[in-house]
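Protein chains: 2
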Amino acid sequence: MRIALDAMGGDRGPEVLVAGAVQAVAASPATTVVLLGDRQRLAAALGRAGAPAGDRIEIVHASEVIGMDEAPFEAIRRKPDATVVRGFALLREGRVDAVVSAGNSGATMAAAVRCLGRLAGISRPGIAGVYPTLKGHVVMMDVGANVDCRPAHLVQFGVMGCAFAEIVFHRQRPRVGLLSIGEEGGKGNTLVKKTHELLQNSGLNYIGNVEGRDIFSGEVDVIVCDGFVGNVCLKVSEGLAEVILTMLGEEIRKSLPARIGYRLAGRAFARFRKRVDYAEYGGAPLLGLNGTGVICHGRSNAKAIANAIGVAEELVAHRVNDRISAMLASAQERSPAMDGAAA
Amino acid sequence: MRIALDAMGGDRGPEVLVAGAVQAVAASPATTVVLLGDRQRLAAALGRAGAPAGDRIEIVHASEVIGMDEAPFEAIRRKPDATVVRGFALLREGRVDAVVSAGNSGATMAAAVRCLGRLAGISRPGIAGVYPTLKGHVVMMDVGANVDCRPAHLVQFGVMGCAFAEIVFHRQRPRVGLLSIGEEGGKGNTLVKKTHELLQNSGLNYIGNVEGRDIFSGEVDVIVCDGFVGNVCLKVSEGLAEVILTMLGEEIRKSLPARIGYRLAGRAFARFRKRVDYAEYGGAPLLGLNGTGVICHGRSNAKAIANAIGVAEELVAHRVNDRISAMLASAQERSPAMDGAAA
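Going down the list, the protein sequences come from chains A and B. The opening residue of the first sequence carries number 1 in our numbering; numbering runs sequentially from there. The opening residue of the second sequence carries number 1001 in our numbering; numbering runs sequentially from there.
In short, the hints are calculated from the structure, not lab data. Where hints are given, some of them may not hold.
[Said to hold, decoys possible] Taking beta-carbon pairs under 10 Å as the criterion, some of the chain A residues facing chain B (in silico):
#1 L191
#2 I207
#3 C233
#4 I244
#5 L248
#6 E251
All C-beta atoms in this analysis are idealised placements derived from N, C-alpha and C, irrespective of residue type, glycine included.
Could you build the full structure based on these sequences and the hints that come with them?
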């Protein structure tokens, strides 16, 4: 298994990304990580990490990097030797099995679509986001790639989310919910109402509408929504989790007994932080492409990068795309309206 | 000032609602609360609360109640003597100044629209939701009344949110943000991109797109979005805040030192809970109507009801609807596209 890592992307610089690669190969004896970026800088970073380039960590030189704020399509056109562009080119050539990047996620998606193309039957590749819940995890799709969607696209997100949940969460017949503003099928906007009808006849284990509060309950495995709503949810959740911890910290710092109490409860807080830490969830896969890509938060630490590489391995090893194609064929056989091209 | 309270709605029954009314009149010497519902039950509840019906707490008998799960429009048609329907009828007749309800929010909105009608120039009345932030509060509109919107509707939500923020948050020239998935004006779905253009020329203090995480930062006073996205955000936030406290509680209960620590930090936790408690924010106003209504969470406690009555008083006292009309006229003069009828 060979995983390419964009070793220049993200907010924290190559050191952290290289450290993630070192952790990943240590965890997984059959994996080789191909670092993409400036050969000299990466060789130096590997040296400092005490793991010189060798058998299972390789460097492929790429002279350009796409910045976090660059416009995706323009950037991949202007920078043919950018790390992510090189990564997906290697994937297309069969020289790696997947690409992982913590860089500009729009540019990563754009490069993936251009180099790999869409999986047959998929109208809109998307980004799947993983949330912690009271009982495990839930995957939401799409969380940002497709802001204006048709019902058939959302059904395809459901199929892709199921394939992911089967492979990464080890769920049999994952429960699929449609994000709406009431549990009854008649509630929601026009897009959701039409999608509800399609999902009922999709062959998926569709449990109906779910509300925003149900994301965290653990009663659903896959949540379907358009990429605008999904991205807003993701960022609301990140923002709120941060602000709750900030407010709690402010209140605790106001008194000595509270500060002592916080010390005593330190391990409980650490365990809690681990449960809600995005780094535990290993990035967000790009699904619906002729190949496998995983994007990571720009602020990812080494553990998050290593976990993302692990998710990429699992998706490749369990042939996520074959699973998507099989479920999609079954859904489209039941209802031609699920074909995005026809919808 | 006379405020009608639907004293039968909500999940907790009349006792809690009556207790809220008692708190409200104690806090505000010029206020009379008119309790709507079963006269005998309400008189008994008042007696038990030690505040028999009299000068400043009146009862108006209403024989019907709309259940939390009833379909709004059908319910208000089938139950002409329902508490909320009677409330808005009293408002139309000038016998009360505002209506507060913790009952079925869809039915409350439907009764309000039918009895009062829309404010001139407003295409879509909506529900404003208040969130705590690191620095105070923010109002988001719409949080559930209008699931499919046009750009002009969102601009009107911005105007209404500003009037609310001026009166209730005491903000001069409230900062208005458009909820999107990137800060640049070009980011978002089709609705958001078109709304961005209109808001730039609205005369409002428009600061541009904001992201989900910015809701809680305190850097914006009014957040504009369609009612589907707004309702999802509200419920994601409620669900996540609960799950974070649940997870933290689970971790703390696992060890004795953590339990002791939690005791020591008890007051800090209590202050934190007060900061994020929806009961502090006094309900969600219905804006854009010929009159004033405030809806409360079905689970509202007495304090939440009293605070909602306080918000209703403030909105009436400061003539929120005159303020909305003035800002709307100014915005529509600048750009005829802001007229919802024309858009």
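Next item on the list: Please name the hints from earlier in the document that this structure breaks, with their numbers sorted from lowest to highest.
Entry: Violated hint: only 2; rest satisfied.
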